[in-house]
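Protein chains: 2
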Amino acid sequence: MKVRVHITLKTGVLDPQGKAIQHALDGLGFAGVDGVRQGKYIEIDLAETDPAKARETAEAMCARLLANTVIEDYRVDVGS
Amino acid sequence: MKVRVHITLKTGVLDPQGKAIQHALDGLGFAGVDGVRQGKYIEIDLAETDPAKARETAEAMCARLLANTVIEDYRVDVGS
Chain L
1 MKVRVHITLK
11 TGVLDPQGKA
21 IQHALDGLGF
31 AGVDGVRQGK
41 YIEIDLAETD
51 PAKARETAEA
61 MCARLLANTV
71 IEDYRVDVGS
Chain V
1 MKVRVHITLK
11 TGVLDPQGKA
21 IQHALDGLGF
31 AGVDGVRQGK
41 YIEIDLAETD
51 PAKARETAEA
61 MCARLLANTV
71 IEDYRVDVGS
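From first to last, the protein sequence lines are chains L and V.
Anchor point for the first sequence: position 4 equals 4 in the working numbering, and the numbering is continuous, going up by one each time.
Anchor point for the second sequence: position 48 equals 48 in the working numbering, and the numbering is continuous, going up by one each time.
Hints are supplied without guarantee of correctness; some may be wrong.
[Claimed, not checked] Dumping the calculated DSBU-like pairs for lysine-lysine here, alpha-carbon to alpha-carbon at most 35 Å: (1) Lys2(L) x Lys2(V); (2) Lys19(L) x Lys2(V); (3) Lys53(L) x Lys53(V); (4) Lys10(V) x Lys2(L); (5) Lys40(L) x Lys2(L).
[What the hints assert, rightly or not] Far from chain L by the CB rule (all over 12 Å, computed), these chain V residues: (6) Pro51; (7) Thr57; (8) Val70.
Worth flagging that the hints you see were computed from the coordinates, not collected in a lab.
Where is the CB? At the ideal position from N, CA and C, for every residue including glycine.
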């Protein structure tokens, strides 16, 4: 079962990568860019076939390894 | 208008970051992890209010700056 995890910086946390992208887009002539935030996207293939258990496992993975919960939020989507 | 961009490595391209995460998860005792792929997730706030134009702009941004189209695929989702 495939699990998709989005890890994003919490609102208010400075995002220098996002700022760099925004600056580069301005430099390339893309107008009207009001903001850019960069996060991580992780796809995990789990042997688990029960969606509820897969979600639980993925959330434990986020809390223990994937996300820094002091400054980052995570979202888990369980797919096929 | 908010645009969400997912940038992932093409199938077949080696993903050392994903392998490192998989190894770390194994080390923490998470069993049944068959594979991990890491990508990027970028949220862009555009002044543009027309969804079709916002998508077109975001795809141009991906092709010109955000993604390395030799080894990466991108997906654009236009939201509110």
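For this session: Compare the distance between the alpha carbons of Lys19(L) and Lys2(V) with 35 Å, and conclude whether the hinted pair is satisfied.
Result: holds, 16 Å
Problem set entry | Satisfaction of hint between Lys2(L) and Lys10(V), Cα-Cα up to 35 Å | holds, 17 Å
Exercise. Is it the case that Thr57(V) keeps its Cβ farther than 12 Å from each residue Cβ in chain L?
Worked result: Violated, since 7 Å does not exceed 12 Å.
Exercise. CA of Lys53(L) to CA of Lys53(V), is that 35 Å or under?
Worked result: Cα-Cα ~40 Å, so violated.
Problem set entry | Least C-beta distance from Pro51(V) to chain L larger than 12 Å | holds, 14 Å
Problem set entry | Hinted pair Lys40(L) and Lys2(L), Cα distance within 35 Å | holds, 16 Å
Problem set entry | Non-interface label on Val70(V), tested against every C-beta of chain L at 12 Å | Its Cβ never comes within 12 Å of chain L, the nearest being 19 Å, so this holds.
Exercise. Can the restraint linking Lys2(L) and Lys2(V) be considered satisfied, given a maximum Cα separation of 35 Å?
Worked result: Since the Cα atoms of Lys2(L) and Lys2(V) sit roughly 26 Å apart, the hinted pair holds (cutoff 35 Å).
Hints 3 and 7 from the list above are not met by this structure, while the remaining hints are.
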